[in-house]
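Given the coordinates of chain A, work out where chain B should sit on it, guided by the hints.
Protein chains: 2
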Amino acid sequence: MFRHVLLMTVRPDARPAEVKGLVEALRGLPAQIPEILSYRVGEDLGLRDDNATLALVGEFADERAWRTYLAHPAHRAVVTEHVEPVVAARQSVQFIAD
Amino acid sequence: MFRHVLLMTVRPDARPAEVKGLVEALRGLPAQIPEILSYRVGEDLGLRDDNATLALVGEFADERAWRTYLAHPAHRAVVTEHVEPVVAARQSVQFIAD
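Read top to bottom, the protein sequences are chains A and B. Residue numbers for the first sequence follow UniProt numbering, beginning at 1 and rising by one. Residue numbers for the second sequence follow UniProt numbering, beginning at 1 and rising by one.
Treat the hints as calculated values from the structure; they're not laboratory data. Hints are not guaranteed to be accurate.
You can't tell identical chains apart in this list, so a pair holds if it fits in one copy or across any two.
[Unchecked claim] Straight line, CA to CA, 25 Å or less: simulated SDA-like cross-link-like pairs of lysine to any residue:
#1 Lys20 x Met1
#2 Lys20 x Asp62
#3 Lys20 x Pro34
#4 Lys20 x Ala71
#5 Lys20 x Ser92
#6 Lys20 x Glu63
#7 Lys20 x Gln91
#8 Lys20 x Ile96
So here's chain A without its partners, still in its complex pose:
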């Protein structure tokens, strides 16, 4: 299984409603992008200092499916309309694990 893990840190001035909007928009993607096999998004619980704000854990059949997801119009729209306006930093890893 091809796994995509993304941590995002939102800008300090991001409004809670914007963060919620981002989470909901991401959670709406599996219904629009069949290549997504599993997709979990959540806001950090605040249990540790220096944590990021949001995590996304996605599963895809392979790299090609992941790239189809990245290029999909629905994903592009979420990046443009929700991620870029409020996310200050992102870091990801893609890895293969059963």
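Just chain B now, kept in the frame of chain A:
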């Protein structure tokens, strides 16, 4: 489900054998720590610039189980013997998602 997502970036001078040792040591934890419900660790595939080196995605029943895992001697040993010697930066998120 309580989800723990951790991205680690290893030091530039970390030897491949050290990184492999870290991955294997982490993958050995579920057999020693019953609170771990699911635990996937992998090295980044190098598909994007600025990615971290390793990702860990763990699932626990709740926060208490996660804290038992964090305090467990087997986990503490992996942190001391494998993570601290080679990891330059870490960032995590804990979140609740079905």
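Going through the hints against the structure:
| no. | hint | in the structure |
| --- | --- | --- |
| 1 | Lys20 x Met1 | between (29 Å within a copy, 19 Å between copies) |
| 2 | Lys20 x Asp62 | between (29 Å within a copy, 22 Å between copies) |
| 3 | Lys20 x Pro34 | within (23 Å within a copy, 33 Å between copies) |
| 4 | Lys20 x Ala71 | within (23 Å within a copy, 32 Å between copies) |
| 5 | Lys20 x Ser92 | both (21 Å within a copy, 19 Å between copies) |
| 6 | Lys20 x Glu63 | between (29 Å within a copy, 22 Å between copies) |
| 7 | Lys20 x Gln91 | both (20 Å within a copy, 21 Å between copies) |
| 8 | Lys20 x Ile96 | between (30 Å within a copy, 14 Å between copies) |
Of the numbered hints stated above, none is contradicted by the structure.
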